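Q: Take a look at the letters that make up each chain.
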Amino acid sequence: MKCARCLLRLQGLGSVVPSARTANRYAYLLQSTTAPVLTKPLVAFNSHGEASRHFHGSSAWAKSSPPSSDLKEKEKEIDKSLLSRDELFERVARNAKTKAAFDKAIEAFTKRDRRRRGHVEFIYAALQKMVEFGVERDLAVYNRLLDVFPKEVFVPRNFIQRMFNHYPRQQECAVQLLEQMENHGIMPNVDTKVLLVQIFGEKSHPMRKYQRLMYWFPRFKHVNPFPVPRLLPSDPVDLARLGLTRIANDLDAKVTVYQMPYTDITETGEEITLPHIVGTQSPDQVELLAKHDPSRPVFVEGPFPLWLRNVCVHYYVLRADPLPPGEKVEEPYDPERSLYYPLELSLELERDMGDLGDDFDVEDLDEGPVFAMCMTGQGDQATLNQWISGLQEANAVLGRVPTLFRLDAGPRELQSPAGESHRPHPPPETDPCVPGDEGGAGPARQEVDVTLEEEPQHSRGVKQ
Amino acid sequence: MSLNRIINSKSFDIGKSLLAFNLRYNGKFVPHPPQYRCFRTQARSLAYAKDLFLGQINKAEVFPYPEIGNEELEELNQFVAPVEKFFNENVDSKKIDEDAKIPSETLDGLKELGLFGMQVPEEYGGLGLSNTMYARLGEITALDGSIAVTLAAHQAIGLKGILIAGTDAQKEKYLPKLASGEHVAAFCLTEPGSGSDAASVTTRATLSEDGTHYLLNGSKMWISNGGFADIMTVFAKTEVVDQEGVKKDKMTAFLVERAFGGITSGLAEDKMGIRGSNTCEVVYDNVPVPLENVIGEVGGGFKVAMNILNSGRFSMGSSGAGMMKKLIEMTAEYATTRKQFNKKLSEFGMIQEKFALMATNAFVMESMAYLTAGMMDRPGVPDCSLEAAIVKVFSSEGSWICVSEALQVLGGLGFTKNYAYERYLRDCRILLIFEGTNEILRMYIALTGMQYAGKILTGKINFTTACLSVADHNVFKTPTVLSSSQDSALKLEQNVYLFGSAVESVLYRYGKSIVDEQLVLKRVADVIINLFAMTAVLSRASRSISIGLRNHDHEVLLANTFCAEAFFKNNYMMTQLQKHAPENNDASIKKIAEQILEKRAYVCAHPLDRTF
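First to last, the protein sequences are chains A and B. Under UniProt numbering, the first residue of the first sequence is numbered 1, with each subsequent residue one higher. Under UniProt numbering, the first residue of the second sequence is numbered 1, with each subsequent residue one higher.
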């Protein structure tokens, strides 16, 4: 240890004007490896007056040279402060990992040492702990963290400092902090700017980062025309409602809860769990279904995944195959329809080629109508049957139309991080013995196999 | 088709050189029988507005301006004087508006004057007025919107069915009482789910088991006079077996008496304007209607309805003009007495402009209305539905603007209920809506003309080139239009020529799908409306000069002013009709509307909103 210090000292004396950068780099190296010794002197000289700035590298070394007698004491102290970077948080987290606790940790750090030794390490540590404490989306916390940096010390004072990367470690740390804000979609505010100016000056890297954030963030704030709420509802029914209104982009569509989730214990002690069934159907879809030819079957298909932020829900659709081209009946033109003006002209002229519009040539693939959609807590045939019978109230034709269930086992690889509760149905292989469901699920799966065979695989890919 | 295009586009370039060629065909073209199936059933071989779509001015139809004989005029004046007196003395429009009811004494007075049977033939006890005379009386009845609408609902549409398609027995049975006003008629077509879509009419008439009568079930909405009408023309779906033996639902018109039973009227609607007129829902519950009360044929109700609607519109022009003339008087009085900055209001340019606007509009409305009425009064079965629709659109919009301007002259006073302006404003708003909204009528005007032009363009290519280059700049060289308005006549001619080619290019561009290009159609309709208006004022002014009518120089001034203005508007609109015209914003307009309607709200963020 001593040897290292001597070496440093020699170096410091040897080169009269090692730039602050080199000094810093050394400091960084040393700090990260063996000796935390240098932190203190470094911080100390940082608070020096302006005049000495230019040569502070060497003067700092000169200053730090004499103390070897009280080294042990110091080491102890520094050790303590180093330890605390991570441990500070762990200590405060013993009670609860909350914002208050996090704030407390920051406060403890800032209060401990007026010179804020080891603040870079502290901030890195804090950034890592933010998610744990649930404060990763709190702008105030970021600002408080920035506040940990000592002010005015890292502001370049002359053109050379400005030209070179002044205090790169600190700047990098602040950029890292801003980047974490960016990743969590937090837009800095004026306080952030003021802090950055105080700490690093007007044209520093963190400041640039801030400016870039402020350039792009507002522009991208509303870039998604279909925003998903930040906090998803925890109730599966509400979540299904949200998901369904999101897919069925029709303001007229009505979401109906066909069955609320319900758990009961019967007299025999069996536990009965009724899954939720939430469906959506628009008046247009009702109309389409009413016009559906009852001799052609309708299909219940699914589950199809829908991701809402980090939650995956699954939905089922009620659909029919498109009419074969020969059977399409176009409504004949009725000349006695419009009382005021002709709805059609009897002309032999078609639209001119040049006026067909500048649309892209898109091959239209007729997918067949989708009549309704639903989400349920349990994707077996019995449950979906209940949905269909619920739909029958508004769509009498469903009573006459053969309904085929073409259910997949469900994409098991799509694990939702938010937990199993949002998964509409447990994968059958891993969880085959849900009491009430076996009767329903069994045949459903059989049906799947049967229908899958008669249905070419490619059509399944198209229908969402 | 592409061949046609080439030939046609060439024909424009060499339009003038084709002049001799045209003349040769011109004579041939006039008697050309319209072999197309026109939207109206009976078509007259000659029509003015339709020919404009071909770029042709059918001079014979509109020059000279129609007149009525001296005897007729005297007769008319005999009618007019007492009616005018009655309206000035016995009609309290303010009270009618406030009470939302026309007092029975007023109604009795109207009946005594015979105003309930203006167009009913004299043999049935009516006045037997011609369309022109009817229009003249309409000018006076329009002084009170409620009365005008009540009368119009009664005779312009309510009993028109009997007049147009009724049997002699029906006429004999119903017309006398209707003409005397003992019975009031109503026209029941609109339903909650059916405005202009006849297919969604749900009222049904089913033949009773013994086959002696129909049973009528359903409900009709917004029926003027629905609260007290005794005789109603009701349109209902009946089952008809067509030639191939297929059963079909078709509309049939019925004459339904309230006395048949089973009819209930809802509460009168509380309306914004024409508050004195009665508008309500009428419900039919198993109303027995005897077979002989079918108007026209069973299953022929659609044509009956269309004919009634098409024939009822032309009088709106004279009504609007009547109202405007009264308003101009009232407003001028105020403007010449009120002083600001030691100047009379009438000395301010912006106020003067308003009066000029009102006068021009009134003049144009009047000219168009009487021109159309005169055309309709000609022998034969004239098809003036297009002209009538044009008159309706122009006069309803003109009235609305002018009333608003008149109110503006008075400033805050006009806004109060102390003056009649606000009532006129409220009353005249309905003009843009009923008898076919102006939007729908524009479609009718444009599409009817396009159909006519399209038929000729596709059918007879040789004729097409002929009539399209009719810019034989000789139309008005003859003394039809006198020198003082020669300029305007040239403007009309130029516009008509351009319009013909614009219509042609639009037809070739869009073909059948023109039906869906509403913004294009709107412009076409607006141009044709202006063209017809220009014709009407020119024709009228020419007549006035040549017979030396009082103040004919003022008429010429109005006519020239209007023509000059319309000329530039037309040019602008026809430029917009061109492909890739920078003046044409349709694509953006559509996009805006689509985005708004998708969200069903105004989509912009608030100007005070921030993102950071």
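Everything labelled a hint here was simulated from the structure, so no lab data went into it. Be aware that a few hints might be false.
Sample of chain B residues facing chain A (criterion: CB under 8 Å; computed from the structure) [unchecked claim]: (1) K173; (2) L432; (3) R509; (4) S513; (5) I514; (6) A593; (7) I596; (8) C604.
Keep in mind it's a predicted model, so treat the numbers as computed, not measured. For glycine and all other residues, C-beta sits at the position ideal for the given N, C-alpha and C.
Q: Compare the structure with each hint and give your call.
A: Right, here's what the structure says about each hint:
no.: 1; hint: K173; verdict: violated, 27 Å
no.: 2; hint: L432; verdict: violated, 14 Å
no.: 3; hint: R509; verdict: holds, 5 Å
no.: 4; hint: S513; verdict: holds, 5 Å
no.: 5; hint: I514; verdict: holds, 7 Å
no.: 6; hint: A593; verdict: violated, 16 Å
no.: 7; hint: I596; verdict: violated, 13 Å
no.: 8; hint: C604; verdict: violated, 12 Å
When the structure is compared with the earlier hints, violations turn up for hints 1, 2, 6, 7 and 8 and for no others.
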